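Participant: The task is simple: from the sequences and hints, build the whole structure.
6 protein chains.
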Amino acid sequence: MASDADLQKIAERTVGFSGADLASLMNEAALLSARYNKTEIAQNELILASERVMMGPERQSHIHTPKERELVAYHEAGHAVVASLLPNADPVHKVSIIARGHAGGYTLKLPLEDRKLTTKSEYIDDLAMSMAGGEAERIYLGGDYTTGPSGDIQQSTQLARAMVTRWGMSDIIGPVAIDTAETGLFVGMRPESDTTLSRVDAEIRILLLQAQQTARKTLSENRVLLDAIVAKLLEVETLEREEFNTLLREHGIVPKEKTEQVTQSFFA
Amino acid sequence: MASDADLQKIAERTVGFSGADLASLMNEAALLSARYNKTEIAQNELILASERVMMGPERQSHIHTPKERELVAYHEAGHAVVASLLPNADPVHKVSIIARGHAGGYTLKLPLEDRKLTTKSEYIDDLAMSMAGGEAERIYLGGDYTTGPSGDIQQSTQLARAMVTRWGMSDIIGPVAIDTAETGLFVGMRPESDTTLSRVDAEIRILLLQAQQTARKTLSENRVLLDAIVAKLLEVETLEREEFNTLLREHGIVPKEKTEQVTQSFFA
Amino acid sequence: MASDADLQKIAERTVGFSGADLASLMNEAALLSARYNKTEIAQNELILASERVMMGPERQSHIHTPKERELVAYHEAGHAVVASLLPNADPVHKVSIIARGHAGGYTLKLPLEDRKLTTKSEYIDDLAMSMAGGEAERIYLGGDYTTGPSGDIQQSTQLARAMVTRWGMSDIIGPVAIDTAETGLFVGMRPESDTTLSRVDAEIRILLLQAQQTARKTLSENRVLLDAIVAKLLEVETLEREEFNTLLREHGIVPKEKTEQVTQSFFA
Amino acid sequence: MASDADLQKIAERTVGFSGADLASLMNEAALLSARYNKTEIAQNELILASERVMMGPERQSHIHTPKERELVAYHEAGHAVVASLLPNADPVHKVSIIARGHAGGYTLKLPLEDRKLTTKSEYIDDLAMSMAGGEAERIYLGGDYTTGPSGDIQQSTQLARAMVTRWGMSDIIGPVAIDTAETGLFVGMRPESDTTLSRVDAEIRILLLQAQQTARKTLSENRVLLDAIVAKLLEVETLEREEFNTLLREHGIVPKEKTEQVTQSFFA
Amino acid sequence: MASDADLQKIAERTVGFSGADLASLMNEAALLSARYNKTEIAQNELILASERVMMGPERQSHIHTPKERELVAYHEAGHAVVASLLPNADPVHKVSIIARGHAGGYTLKLPLEDRKLTTKSEYIDDLAMSMAGGEAERIYLGGDYTTGPSGDIQQSTQLARAMVTRWGMSDIIGPVAIDTAETGLFVGMRPESDTTLSRVDAEIRILLLQAQQTARKTLSENRVLLDAIVAKLLEVETLEREEFNTLLREHGIVPKEKTEQVTQSFFA
Amino acid sequence: MASDADLQKIAERTVGFSGADLASLMNEAALLSARYNKTEIAQNELILASERVMMGPERQSHIHTPKERELVAYHEAGHAVVASLLPNADPVHKVSIIARGHAGGYTLKLPLEDRKLTTKSEYIDDLAMSMAGGEAERIYLGGDYTTGPSGDIQQSTQLARAMVTRWGMSDIIGPVAIDTAETGLFVGMRPESDTTLSRVDAEIRILLLQAQQTARKTLSENRVLLDAIVAKLLEVETLEREEFNTLLREHGIVPKEKTEQVTQSFFA
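Chains as they are written, first to last, in my numbering: chain A, 279 to 546; chain B, 279 to 546; chain C, 279 to 546; chain D, 279 to 546; chain E, 279 to 546; chain F, 279 to 546.
Hints in this document: simulated from the structure, not taken from any laboratory.
Fair warning: there could be bad hints in the mix.
The list treats identical chains as interchangeable, and a pair is accepted whether it falls inside one copy or across any two copies.
[Claimed, not checked] With a Cα cut of at most 30 Å, we get these calculated DSS-like pairs of lysine-lysine:
hint	residue 1	residue 2
1	K495	K372
2	K345	K287
3	K372	K316
4	K287	K316
5	K372	K534
6	K345	K372
7	K510	K345
8	K372	K510
9	K287	K534
10	K534	K495
From a predicted model like this one, the values you see are computed outputs, not experimental measurements.
Facilitator: Structural data, given as structure tokens:
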């Protein structure tokens with residue numbers, strides 16, 4: 279184990295891993311280290327191994343049609359552009375159009391600090407970044423939709439629901455907990471009225487529609503940058519943080535500061 | 279196994295097959311190859327065998343009444359005409375009024391490319407093609423309905439529901455996931471309000487009514503073609519791709535380009 | 279087994295029979311053949327045996343009160359008159375006021391052709407024929423109701439529900455599948471809104487009220503025929519097809535053409 | 279077994295009896311016969327034994343307070359008066375204020391004929407007869423209610439519900455089956471909308487309120503007869519059919535004709 | 279066992295006792311008799327023992343704060359005053375501010391007669407007596423509420439629900455049984471519409487608000503008596519029937535007549 | 279065991295502890311006593327040990343970012359300021375920004391007396407104190423929200439629900455018990471109408487919005503005190519009662535009187 283290996287950090291990003299998953303992670307890390315002729319397992323290999331276990335191996339064998347390859351590039355570039363431009367979103371760590379597991383491509387985010395608490399502003403920008411994949415597709419397709427953003431839609435709905443029903447972030451609903459675990463114990467009984475659920479639905483929908491609107495506006499105002507990232511992705515397939523930041527700087531955008539923790543979102 | 283046998287392709291079109299189904303497929307393919315005095319099992323026999331396992335054997339022994347035979351011909355010709363004329367629908371691979379399994383006839387579609395992502399425009403045309411079976415029946419019957427399209431109605435409703443609740447393809451509902459799997463875990467609890475479900479129902483109904491309208495308009499504007507296909511089907515029972523395309527060309531329609539993957543819909 | 283025995287036909291009319299039911303059917307057919315001194319089991323005995331297994335043995339021992347005997351006669355004659363006069367209803371095969379199983383009497387229908395597909399027009403007339411039992415009772419009772427039509431009401435409601443929710447036969451609901459099997463798997467969750475269910479209920483109710491209205495009108499316009507059939511039934515208890523058709527012709531009505539398949543409805 | 283013993287009749291009135299109940303019935307009948315020094319078990323003893331098994335033994339040891347004794351007398355006399363005066367209600371077989379099982383008293387009805395079919399008119403009068411127990415109590419109490427009629431209310435609601443939802447006896451609901459058994463199989467799913475259930479509730483309520491109104495009107499118009507029956511019951515505790523009919527005739531009312539089958543209702 | 283021991287009476291007031299509870303009761307009665315140097319177990323000891331098993335032993339060790347002691351005194355005095363003044367309420371048998379089991383104090387009622395039937399008027403006064411505990415607290419606290427009446431609220435809601443849904447005591451709902459046991463067997467299905475449940479809720483709420491209003495009015499009009507009982511309770515902790523009646527007489531109120539059966543309510 | 283050890287008190291504050299929890303508590307208390315070179319376990323060590331078992335050990339190793347440390351300080355200071363200023367809230371026993379278990383910091387309350395009964399006024403101030411954590415965060419963040427108050431929101435919602443549905447503390451709902459345990463036994467059946475639940479939701483929401491409003495107003499009117507407590511917490515991390523009271527006095531506020539029982543709320 280190399281001296282920079284930080285198992286605490288790895289533990290934090292592998293919440294939910296089973297024992298078998300962790301064994302698999304260590305195995306992958308050892309294989310990667312061996313492949314690079316290293317005698318120790320360093321933090322970098324641990325991170326790569328955790329990504330592999332989380333998202334599955336890269337699938338170079340899967341051949342996209344040209345149109346689908348461009349769609350995936352727009353989707354991922356959309357995530358990356360919005361993440362780079364909204365003030366409270368985490369910066370981009372890596373963008374790729376290499377298929378991985380069920381995902382056609384992926385965009386890794388890099389949080390600005392190792393925070394425990396997230397603010398509503400940060401979630402608002404997270405939602406917009408999530409919506410940006412589908413919105414970039416629609417720019418490419420002239421307004422048409424695909425099934426591509428279904429994973430983004432599901433995760434964003436869950437986040438928006440938690441904002442409204444657990445964290446008191448909707449002024450319409452107020453600081454009220456709704457559908458909490460202990461009430462779910464009464465099978466088939468829901469303590470809230472349909473009126474309340476209707477207001478919750480409306481608030482979730484507004485959060486997501488506003489996020490979609492923000493993503494659409496940001497992308498259409500930065501179409502040149504979007505097209506440049508797409509072009510580069512179609513050429514090199516994967517952009518590491520520094521390559522991506524160079525592209526940003528070429529378009530007059532100052533990249534955000536580096537932090538340590540890495541989370542990911544990817545196109546499914 | 280012949281050199282053109284592509285098990286990956288066969289695997290993709292036999293999603294959901296049990297081990298017994300796959301054993302049955304290989305057995306059927308071997309029997310077909312033997313019947314044609316071939317020493318190898320080619321891709322064509324694998325495909326025919328997969329159709330047989332999926333839809334059951336052809337049932338020449340089942341004798342339709344003359345009226346039912348014409349109804350089935352109109353139903354399948356309806357699917358085929360709309361598939362050929364709508365820009366985003368897959369072209370027709372085969373049309374038949376030979377009963378098969380529970381189906382009175384069937385129409386096989388041929389996707390234009392081996393795509394992973396489907397667009398809303400493609401689904402919209404799929405829905406219209408699906409509705410075209412029943413609409414062609416109604417043209418034949420002077421407006422009356424039969425139980426024939428019940429399978430088409432069920433599949434179309436499921437597709438329309440996914441468009442509205444999973445893929446964000448309804449602007450009224452927005453990019454919101456509804457009735458997702460993880461919420462179904464709370465037995466008897468549904469997170470959405472009745473107001474939201476009412477809007478979802480309305481959107482599904484509009485998608486299907488518009489598809490029905492498109493099918494009806496396309497068929498009534500191409501009645502000569504419809505009748506010609508029906509006449510041919512009553513004569514020869516099955517139209518392969520080339521025979522069908524010849525009919526299209528005779529009526530001034532340019533058939534769509536060929537692709538590889540074959541999916542099917544059939545009249546139940 | 280006689281040369282006219284057609285086991286395929288028998289199989290079609292014994293859908294839902296258990297193995298024990300089928301054993302019972304063959305046993306009854308053998309007994310009937312023996313009773314008639316036949317050395318082979320002919321199609322006629324197989325049909326009589328299937329009726330006996332379906333509806334139970336005739337129950338001559340059950341003595342109706344005179345008033346109930348007349349009620350049963352009006353009920354069955356009502357079914358028979360409406361079946362004979364509506365253009366899309368199947369003609370009458372047999373009418374009887376002999377109690378059988380739980381039924382006080384029964385009317386057997388004879389479909390005009392061995393069809394697989396049923397049209398909305400045919401179902402509309404089926405519903406009216408079903409409602410005619412109760413409506414004839416009400417003519418006899420001067421408007422009062424009995425519990426007699428409860429079986430007719432339950433079967434008609436199921437048919438009307440399928441027309442509206444599975445076969446797209448309601449223009450208000452459109453070609454939408456409602457309450458499908460796969461959604462029922464989520465215990466306690468119903469995908470449709472109450473608004474949609476309310477529209478479904480309204481459509482079912484309209485179908486049944488219109489059928490009741492059609493039955494009432496047909497019976498009151500043919501009161502002389504109705505009374506004649508009742509009088510004959512009270513005299514001879516069972517009218518075979520030819521006796522019944524003779525009555526129709528005496529009242530200036532041309533009986534419908536014969537077909538092969540026999541289905542039945544009976545007064546419970 | 280005496281020659282008049284009719285086990286078929288006994289079977290019909292002991293629907294729902296377990297094997298142990300029937301053994302108990304025969305035992306009671308033998309004991310009763312022995313008590314009367316009979317060497318055979320006659321039909322009368324079988325009936326008395328079945329009543330005893332159904333309603334429990336008479337409970338002379340239970341001492342009502344004087345007020346409660348009068349309440350019970352009014353309750354049973356109420357049932358008896360309305361049964362005697364409404365044209366479609368069954369006549370009274372026996373009235374008693376002797377406590378039996380959980381019942382404070384009981385009134386046995388005697389149907390006019392051994393009918394299989396019941397009409398709406400008969401059920402309407404049955405409901406009024408059922409409501410008459412509580413209404414007679416309210417006359418005695420000057421408008422106050424007791425818990426006495428809870429059994430009558432529950433049985434009447436079930437009957438009214440069946441009239442509305444199974445037998446098509448409500449013109450508002452029409453000939454529609456609601457909440458049928460096969461739909462109940464989908465746990466937690468109810469096919470009908472809340473609008474329909476609301477109409478059903480309204481129809482049930484109207485039937486019961488009208489029955490209550492009929493009972494109240496009949497009793498207040500025959501207060502002299504009601505008081506006379508109460509006075510007699512307080513004196514002799516049990517009125518057999520002939521004693522009861524004598525009272526009716528003394529008040530100028532012609533008792534209904536006798537029939538065979540006996541059913542019962544009693545005050546709980 | 280003393281000659282006045284009436285096990286029938288004891289049985290009636292120990293409905294719901296398990297075998298272990300009854301063993302415990304006899305044991306307690308024997309201990310009490312021994313403590314009083316009696317050689318026989320008399321009815322008085324049996325009653326005291328049943329109270330002890332029902333409500334738990336007295337808890338002298340629990341020290342109320344002075345404010346809480348006064349609150350409990352007002353709560354129990356509230357029950358006692360309203361029970362004494364409303365014409366249909368049972369008179370008071372004992373009032374105490376000694377904590378017992380989970381209860382901070384208790385008031386034992388004494389029914390006027392050994393009745394089987396309860397009238398609406400009696401339940402109306404019972405509800406007011408139940409509400410009087412909380413209302414007396416609010417007089418003491420200047421309008422504030424405590425958690426003290428939660429047991430009274432729960433029991434009163436159950437009683438009011440039964441009045442409305444089982445005993446026909448609401449003219450708005452009528453003589454209709456709602457939510458009966460047999461309908462509950464269909465898991466998750468409720469036969470009544472939301473409109474009906476809404477009316478039931480409204481009727482329950484009106485009964486309880488009127489009871490609260492009656493309690494408040496009775497207490498404020500008899501504030502001198504209330505304060506006198508509180509003062510006496512704070513002094514002697516427990517008032518037996520005769521001491522309590524003396525207080526009533528001192529304030530010009532004639533105590534109700536004695537009866538035998540004792541039921542209890544207590545402050546939890 | 280020291281003479282001041284009061285196991286009754288410890289028992290009262292460890293309601294819900296398992297046997298293992300209690301063993302753990304005694305073990306911790308012995309270790310603490312040993313660490314302080316005491317030969318007996320005193321009440322103080324028992325209390326510290328119970329806190330440790332309840333909230334987990336202090337987690338000095340967890341390093342907040344500076345921004346998060348300030349957020350936690352504002353959150354806890356918010357609880358402490360409102361607890362000190364509202365007349366019916368319990369005074370502060372200890373405030374800390376040392377992470378403990380899942381909590382980022384904690385504030386221990388000290389009830390003014392060992393009461394059994396809580397009034398609505400006290401709960402109203404409890405709700406405001408609970409809301410004060412999030413409101414202080416929003417002052418620090420300029421109006422933004424974090425996920426920090428989710429535990430406060432859940433507990434407050436439960437308390438507000440009990441006030442409305444169990445303790446009759448809402449004049450709109452009245453003294454009615456809603457969703458009681460015994461009705462939950464009917465799986466999937468809820469006795470109350472949606473109208474009633476809608477009113478309950480509205481009442482809960484009003485209680486929580488008013489509490490939030492009170493917290494916000496109290497904090498903005500005492501911003502100097504809030505900032506002073508935050509500054510001190512950032513310096514010393516934990517404020518014991520006397521240190522905290524000194525701060526209050528420096529800002530002209532008289533601390534509330536001491537009592538014995540300690541309960542706690544903490545930031546999760």
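Participant: Are any of the numbered hints broken by this structure? If so, which, sorted upward?
Facilitator: none
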